[in-house]
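Following the hints, complete the assembly by docking chain A onto the known chain R.
2 protein chains.
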Amino acid sequence: MARAFDLLGQRWTGVVIGNLSEGPAGFGELARAIDGISDSMLSTRLTALTQAGLITRTVEEGPPVSVAYALTDAGKALIPALSRISQWAEEYLPRR
Amino acid sequence: MARAFDLLGQRWTGVVIGNLSEGPAGFGELARAIDGISDSMLSTRLTALTQAGLITRTVEEGPPVSVAYALTDAGKALIPALSRISQWAEEYLPRR
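Respectively, the protein sequence lines represent chains R and A.
Residues in the first sequence are numbered consecutively from 1104, following our numbering.
Residues in the second sequence are numbered consecutively from 1104, following our numbering.
Don't take each hint at face value.
Derived pair list, reagent style SDA-like, types lysine to any residue, alpha-carbon separation capped at 20 Å [to be verified]:
#, chain 1, residue 1, chain 2, residue 2
1, R, K1179, R, R1160
2, R, K1179, A, Q1190
3, A, K1179, R, L1196
4, A, K1179, R, P1183
5, R, K1179, R, Q1190
6, R, K1179, A, V1118
7, R, K1179, A, Y1195
8, R, K1179, A, I1188
9, R, K1179, A, R1187
10, R, K1179, A, W1191
11, R, K1179, R, N1122
12, A, K1179, A, V1118
13, A, K1179, R, W1191
14, R, K1179, A, K1179
Just so you know, these hints were derived from the structure itself, not from any lab.
Pulled out of the complex, with its shape left as it was, chain R reads as follows:
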């Protein structure tokens, strides 16, 4: 559990996974979809999630070269659990 929350507790992780739950996306697409995230933060999160085995990074040879990020089976399996945590927070955590 501690291992899971070490990863999931990082800001934006849940939001990035949530965005990819709708299908693979490129870097620019994610950057536009996630309000308030900087490019360097998005890049850091994508790298961490790739290393943890939750997403894949696929380079499509161009031109133009493009990169697509997609959830792995492990990443997809996390969606229902994240959504329960999210519902719980909505109902019980006071808004700041």
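For chain A alone, kept in the frame of chain R given last:
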């Protein structure tokens, strides 16, 4: 979601909640049940969880005075979500 994980991402939080899911417990009881936690860390976590509204701290006038910690409804509502995250971690996160 970020708010939830700020709280849940702290080490021991899930373990403390898990222990209280079996019923109210005193400080010493929790300290003995949670392997490897220091008294000061346990105290810090209990305070944070109390402030977040997930547990209550009840002082029973003595003698001897005793203190009991118990999950609130918000704390109890979190158990199924934590257990899904935990199952997911068990299945998909590599052991360190």
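Okay, the hints, checked on the actual structure:
A distance of roughly 15 Å separates the Cα atoms of K1179/R and R1160/R; the hinted pair therefore holds under the 20 Å criterion. Restraint check for K1179/R and Q1190/A: the C-alpha separation of about 14 Å stays at or below 20 Å, so the hint holds. The suggested pairing of K1179/A with L1196/R holds, with an alpha-carbon distance near 13 Å, which does not exceed 20 Å. Pair hint K1179/A plus P1183/R holds up; C-alpha atoms about 19 Å apart against a cutoff of 20 Å.
Distance hint between K1179/R and Q1190/R is fulfilled; the C-alpha atoms sit about 18 Å from each other, no more than 20 Å. Our distance criterion of 20 Å between C-alpha atoms is broken by K1179/R and V1118/A, whose separation comes to about 25 Å. The straight-line distance between the Cα atoms of K1179/R and Y1195/A is roughly 11 Å, inside the 20 Å bound, and the hint therefore holds. Our distance criterion of 20 Å between C-alpha atoms is met by K1179/R and I1188/A, whose separation comes to about 13 Å.
Of the supplied pair hints, the one linking K1179/R and R1187/A holds, its CA atoms being roughly 13 Å apart against a limit of 20 Å. For the suggested pair K1179/R and W1191/A, the alpha carbons sit about 10 Å apart, so the restraint of at most 20 Å is met. Among the hinted pairs, K1179/R with N1122/R is consistent with the structure: their alpha-carbon atoms are about 11 Å apart, no more than 20 Å. Among the hinted pairs, K1179/A with V1118/A is consistent with the structure: their alpha-carbon atoms are about 13 Å apart, no more than 20 Å.
Between K1179/A and W1191/R the CA atoms are separated by roughly 10 Å; this keeps the pair inside 20 Å, and the hint holds. As the CA atoms of K1179/R and K1179/A are separated by approximately 26 Å, the hinted pair breaks the 20 Å bound.
Checked against the numbered hints above, the structure breaks hints 6, 14 and satisfies the rest.
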